[in-house]
Amino acid sequence: MMAALIFGTFAFLLIIGLPIALAIGLASFIILVTQDVPLVVIAQRMFAGTDSFPLVAVPFFILAGDLLAKGKISDRLVNFAESFLGFLRGGLWVVSVVAAMFFAGITGSGAADTAAIAAPLIPELKKRNYRQNFSAALIASAGVIGVVIPPSVPMVLYCCIADQSIGRLFLNGFIPGTLMGLALIGVALQEAYKNHYPRGAGVSLRNIWKTFKTAILGLLTPLIILGGIFSGYFTPSEAAAVAFNWAIFVSLFVYREIGWREFFQTIVKSAITSAIVMFIIATANVFGWILANWQVPNTIASAVLSISQNKYIILLLIDLIILIAGCVMETASALIILTPIFLPLVNQLGVSLIHFGIIMVVGLAIGMVTPPVAICLYVSSTISGLSIEEISRALVRPLTGLIAAWLFLTYFPLFVNIIF
Amino acid sequence: MMAVTCFKRLSDGADRVVTWFVVVLLLGLTAVVTLQIIARVFFEAFSWTEELSRYLLVWSTFLGASMGFKRGSHVAITFVVDLFSGRLRQWVSILIHALSVLFFFVGIVYGIQMIHQQVYQISPAMGLSMRVVYLGIPLGFATMVIHVFPLLLDEIVLLARRKE
Chain A
1 MMAALIFGTF AFLLIIGLPI ALAIGLASFI ILVTQDVPLV VIAQRMFAGT DSFPLVAVPF
61 FILAGDLLAK GKISDRLVNF AESFLGFLRG GLWVVSVVAA MFFAGITGSG AADTAAIAAP
121 LIPELKKRNY RQNFSAALIA SAGVIGVVIP PSVPMVLYCC IADQSIGRLF LNGFIPGTLM
181 GLALIGVALQ EAYKNHYPRG AGVSLRNIWK TFKTAILGLL TPLIILGGIF SGYFTPSEAA
241 AVAFNWAIFV SLFVYREIGW REFFQTIVKS AITSAIVMFI IATANVFGWI LANWQVPNTI
301 ASAVLSISQN KYIILLLIDL IILIAGCVME TASALIILTP IFLPLVNQLG VSLIHFGIIM
361 VVGLAIGMVT PPVAICLYVS STISGLSIEE ISRALVRPLT GLIAAWLFLT YFPLFVNIIF
Chain B
421 MMAVTCFKRL SDGADRVVTW FVVVLLLGLT AVVTLQIIAR VFFEAFSWTE ELSRYLLVWS
481 TFLGASMGFK RGSHVAITFV VDLFSGRLRQ WVSILIHALS VLFFFVGIVY GIQMIHQQVY
541 QISPAMGLSM RVVYLGIPLG FATMVIHVFP LLLDEIVLLA RRKE
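Chain order of the listed sequences is A and B. Everything in the first sequence is counted per our numbering, starting at 1 for the first residue and increasing by one. Everything in the second sequence is counted per our numbering, starting at 421 for the first residue and increasing by one.
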């Protein structure tokens, strides 16, 4: 009954188009009023939700990613990837995917990854007569890897909610991200062979070395972030701050591709992006308190378990809900809302919370290309000038590849928990 | 009509101040966390850096969120409302902005109440009064009201004109 009231109010506010943070907050307010709880708890929970050191990583990873996306680092990563993959049939598509995977090691957001790769590659792909809507669909799909290969903002959020080690989830993101990349490369090659695309220029070691040297500062970024975390030198939040310092150093003082004005504008943009996510965290903490207080997640868990005890069927059901949520909601909000609801159920199924973190993050990452709410698709549409409908038509196969990789990760946790 | 222009000017002015302030908060956050690393690795860990960075995050969240409302960049589900026709949509838009302002007032009122409840409490590491720390919340929500209220007023005026 309580669950129906909570979710009913929330769903209504969401559907009429209230910003998600406010829909969560207002639904919580309404529930608290009807239940006669002292309302100051709203302010207290909002404060407690944001008063967290691990969450300091959120603005820093966004700042670092946005700043490095502004400079020409992505161009350099693209050139490097092309030096050893360009020879393939449909090579530039493969390069797009691999460059997105490289940049995923720099940014923690899918939209930034898509933007960074689409900006240099979309015009080049067009010039070389690659099928445009497939290019845009492929780059949008590859951009979602931005949140799977560490660093990753959704992973930070998940770990804060599920009380897991950020470093450990980061480490376990490499194989899933690579698997998604390989699935997309497979799809791209199949498309290129079917349409008899020509091969690109041959590989020369000299060119690989030359492009590697120019790309080295970008390629070093993930090494600094992850090396710092895993050696125990930095906490994840500190590593994120180091990444931002590194981004300032590289873009402002080494490459000097952006001036102070652009620097200021980038900070403002990142500040807003980060505050929007953090504001959802704040109001969702009130919501989470209500859910926990009335034991809603436990009720849902026992209701689901009374229908079926089969781990594989329930995982499929969870995947389905994640996929639908990914279609209609933006990644961070879906993650913040769904994680606490699923946790008791997942615990009772005996699925490790690191494995579930991967299921959740990869599933919601896929949601970044599934319309109607699909941030990576929007970015790719803006940069390519193609409509969402046109890109969507070419999306079927890249999406199938991603979903296949995701289901594989859901059912073969061996590949997720390979590193502890 | 004058009132609407006045509110808009207030909103623009507030946003300029808040934008600068949030940039300073974030650069401050960067400096504090960087200092924390340097101090721990080379010297001795400070006790106050982690606490200060958390409070800077809180302030930048609520003030930064107001900047999001000014620019209309908060994420919402719009594809359902997009199906509505002109008239209905106008009403829904008014409803959304009215509900938003309602929640902002909830944030202001209970944010202030929370401050009132913490007369003597100080933060563990810095000895900062928690009233100062909590102030960021009602301040952020007040800025949100400043930004969204003119939008609401604008829509009501527009609707009233069409009725005439």
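If you are wondering where the hints come from, they were derived from the structure by calculation, not from laboratory data. One should not assume that every hint holds.
Stated by the list, open to error - EDC-like cross-link-like pairs, simulated, lysine to aspartate or glutamate; straight-line CA separation at most 20 Å:
#1 A/Lys-269 x B/Asp-432
#2 A/Lys-72 x A/Glu-257
#3 A/Lys-269 x B/Asp-435
#4 A/Lys-72 x A/Asp-36
#5 A/Lys-72 x A/Glu-191
#6 A/Lys-213 x A/Glu-262
Verification of the supplied hints:
1. A/Lys-269 x B/Asp-432: Holds, at about 17 Å.
2. A/Lys-72 x A/Glu-257: 7 Å, holds
3. A/Lys-269 x B/Asp-435: Holds, at about 14 Å.
4. A/Lys-72 x A/Asp-36: Violated. A/Lys-72 to A/Asp-36 sits at ~56 Å, over the 20 Å cutoff.
5. A/Lys-72 x A/Glu-191: Between A/Lys-72 and A/Glu-191 the Cα gap is close to 29 Å, so the pair fails against 20 Å, i.e. violated.
6. A/Lys-213 x A/Glu-262: Roughly 26 Å between the alpha carbons, so the hint for A/Lys-213 and A/Glu-262 is violated.
Hint compliance for this structure: hints 4, 5 and 6 are broken, all remaining hints hold.
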